[in-house]
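Taking the hints into account, I'd like the entire structure generated from these sequences.
Protein chains in written order, with the working numbering: chain X, 1 to 267; chain H, 268 to 427.
FYI, nobody ran anything at the bench for these hints, they're computed from the structure. Quick reminder that beta carbons are idealized off the backbone N, C-alpha and C, glycines included. Check each hint, because a few of them may be wrong.
Examples of chain H residues lying across from chain X (beta carbon under 7 Å, computed) [as the list claims (entries may be wrong)]:
hint	residue
1	P287
2	R288
3	D309
4	T317
5	R323
6	A324
7	V325
8	K326
9	N329
10	L333
11	S396
12	R398
Calculated cross-link-like contacts (lysine to any residue; reagent style SDA-like; alpha-carbon spacing at most 25 Å) [unchecked claim]:
hint	chain 1	residue 1	chain 2	residue 2
13	X	K40	H	P271
14	X	K27	X	M1
15	X	K40	H	R288
16	H	K273	H	D309
17	H	K339	X	D51
18	H	K339	X	T12
19	H	K273	X	T12
20	X	K264	X	G131
Spelled out, the chains give:
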Amino acid sequence: MIPAPVRYARATTLEHAFELLAEPDSKVIAGGQSLIPVMKLRIARPSLVVDISQLELRGIDVRGDKLHVGPLTTWDELLEARELERPALAAIAECVRGIGDLQVRNRGTVGGSLAHADPASDMPAVLLALGATLQLRSPEGERDLRLADFLSGPFTTALSAQELITRIVVPLPAPGSGSAYVSVEHPASGFALAGAAALAGPNGSFRVAVTGVAAQPFLLDQDPETTLERVEIFGDRFASADYRRELASVVVRRARESAAARAKEDA
Amino acid sequence: MLEPLKLVVNGERRSLDVEPRTLLVHAIRDGLGLTGAHIGCDTSQCGACTVLLDGRAVKSCNLLALQAEGAKITTIESLASGGELHPIQRSFVENHGLQCGFCTPGLILTAADLLSRDPDPSDETIRHSLRGNLCRCTGYQTIVESIRAAGAEMRGGVGR
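Structure (C-alpha cells):
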C-alpha cells in the first residue's frame, strides 16, 4: 500500500511550519506512526505533509511545581525519563509500556498522539487524570487549553489549521499522591477496549479518566458509577456497549486501587 | 516530482531520488537493492520491514523515506562482517530461532535494539519487545531462547 501522491516539506522553525500549514489540505507529521497508516489506506490524502520533527519541541523537564513535556518527545524517551520515576506520575510509564510496540514507541510522539485523538488511545486518559494543560501556538499567538477542552470528539480536537501543540504541562501532584493506568486491550490491535487512569491524592481524593469506551476519553465525576451510566458508551463487533461499560467499571476500580496503593508508598 | 534523499546506509553515504510518498522500505528495497527488509503485512503490524534508524528499530513501511533524510540506516545485510555472522544471527541458527526465515531480519534487528540497551533482558522483557514482530512458524519460544543466548554471548558470559 502506497500513499496517494503528496508533497513533503521539513519545517525549520515554528514560523516556517505556520507558513507551510497555510496550505488548506496540509497535514502535520511528527513520528508518523498514526498518520502514515491512514495515508497508506488513503483515508488521509493530504496535499502536503509538514514534517515538524526537527523543531525544538522535545524533552522532559520539571520546572517548579510543573512537569513540562515537549510534544515531540517519543514514547521511548518517556519510558527512559527519570523525572517520571515517582509514585504520583507512575501512570505515565505504566501507560507507555502498553502503547504500540517497540518500533512504534521509538518513533511515535506524545503530541502526535494527542493531536490524532483516537478515541481509544491510552495516554489522553492519563493526562486527563493528571490535569494536564496544553500550550498551543499559531500565527495568532499562544493559548493554554485544558486537555479536557482540547479533545472534542473522535479524531477531532480544538487545534486550528495552523496551530501546533508546543508544550504539555502537568501540575506535579501533592506529596503523598499516586497514579496508575489499567486497561483491557483488544488482543490484536492493542488499543484499549476500556482503559482507566487514576490519580489518588494524599487526602483520599481521586481524579479518574476513562478511554476506549466513548467518542473521546473523558473525566469521571466524583461518583464513577453514575458517570459511566450517563455517558453514551459505544459498542462494535469486538465488544458490545454493555460489555464495555462493565469493563470500564472494572478498570476504574483497579486503577483507583493501584493509585491509592502508590499514594501510600509516597506518604 | 522526485525529491533528493541522502542517507547513510550500512555505513555508506547513499543518494537517491524518491517521490515524496515513497515509503522507506521501498527506497531501501527498490532504490538501493537491499531486499533483506521484507514487506509482510504492509500495515505496520508484522515488523518484517524493521531496520535500525540511528540505532533504533523502526518499521520502514511506516515511514516516508524523506522523513529519514540524513539518518543512519542499518539493514540486515550489514550485520555479518568478513563472512562472520553477527552473534544474534548465529544464535538464531544455533537455537532454531527461524524456520521459513521471512520474519527473521526484522526480529534480529529488533533484538539488536533491545540488547544494545538492555544486555541482560529477562524473558518477559524479550517477549514484550517482540510485540511488533510476528512469526507464524516458530511459536516464538525458540526466538526468545535465541535472543537470550545472543545476549549472553555478547556480554561475554554464559547463558543463565
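Hint check results:
For P287 (chain H), the interface hint holds, the least distance from its beta-carbon to any beta-carbon of chain X being 4 Å, beneath 7 Å. The criterion of a C-beta within 7 Å of any C-beta in chain X is met by R288 (chain H), whose closest approach is roughly 4 Å, and the hint holds. At its closest, the beta carbon of D309 (chain H) sits 5 Å from a beta carbon of chain X; the interface hint therefore holds under the 7 Å criterion. At a threshold of 7 Å, the smallest CB-CB gap from T317 (chain H) to chain X is about 6 Å, leaving the interface hint in force.
A distance limit of 7 Å between C-beta atoms decides the matter here; for R323 (chain H) the minimum to chain X is near 4 Å, and the interface restraint holds. A hinted interface residue such as A324 (chain H) counts as satisfied when its beta carbon comes closer than 7 Å to some beta carbon of chain X; here the least separation is about 5 Å, so the hint holds. Here the hint on V325 (chain H) is kept, as its CB sits about 5 Å from the closest CB of chain X, short of 7 Å. A least Cβ separation of about 5 Å between K326 (chain H) and chain X falls short of the 7 Å threshold, and the interface hint therefore holds.
A distance limit of 7 Å between C-beta atoms decides the matter here; for N329 (chain H) the minimum to chain X is near 5 Å, and the interface restraint holds. Contact between L333 (chain H) and chain X, as hinted, is supported at the beta carbon level, the nearest pair being about 5 Å apart and thus within 7 Å. Here the hint on S396 (chain H) is kept, as its CB sits about 5 Å from the closest CB of chain X, short of 7 Å. Because the closest C-beta pair between R398 (chain H) and chain X is about 4 Å apart, less than 7 Å, the hint holds.
Between K40 (chain X) and P271 (chain H), the direct Cα distance comes to roughly 22 Å. Compliance with the 25 Å bound is thereby established for this hinted pair. As the CA atoms of K27 (chain X) and M1 (chain X) are separated by approximately 19 Å, the hinted pair is consistent with the 25 Å bound. Our distance criterion of 25 Å between C-alpha atoms is met by K40 (chain X) and R288 (chain H), whose separation comes to about 9 Å. Between K273 (chain H) and D309 (chain H), the direct Cα distance comes to roughly 24 Å. Compliance with the 25 Å bound is thereby established for this hinted pair.
Restraint check for K339 (chain H) and D51 (chain X): satisfied, since their Cα atoms lie roughly 18 Å apart, inside the 25 Å limit. Restraint check for K339 (chain H) and T12 (chain X): the C-alpha separation of about 20 Å stays at or below 25 Å, so the hint holds. A hinted pair counts as satisfied when its Cα atoms are at most 25 Å apart, and K273 (chain H) with T12 (chain X) qualifies at roughly 18 Å. Straight-line distance between C-alpha atoms of K264 (chain X) and G131 (chain X) comes to about 21 Å, which keeps the hinted pair within the 25 Å bound.
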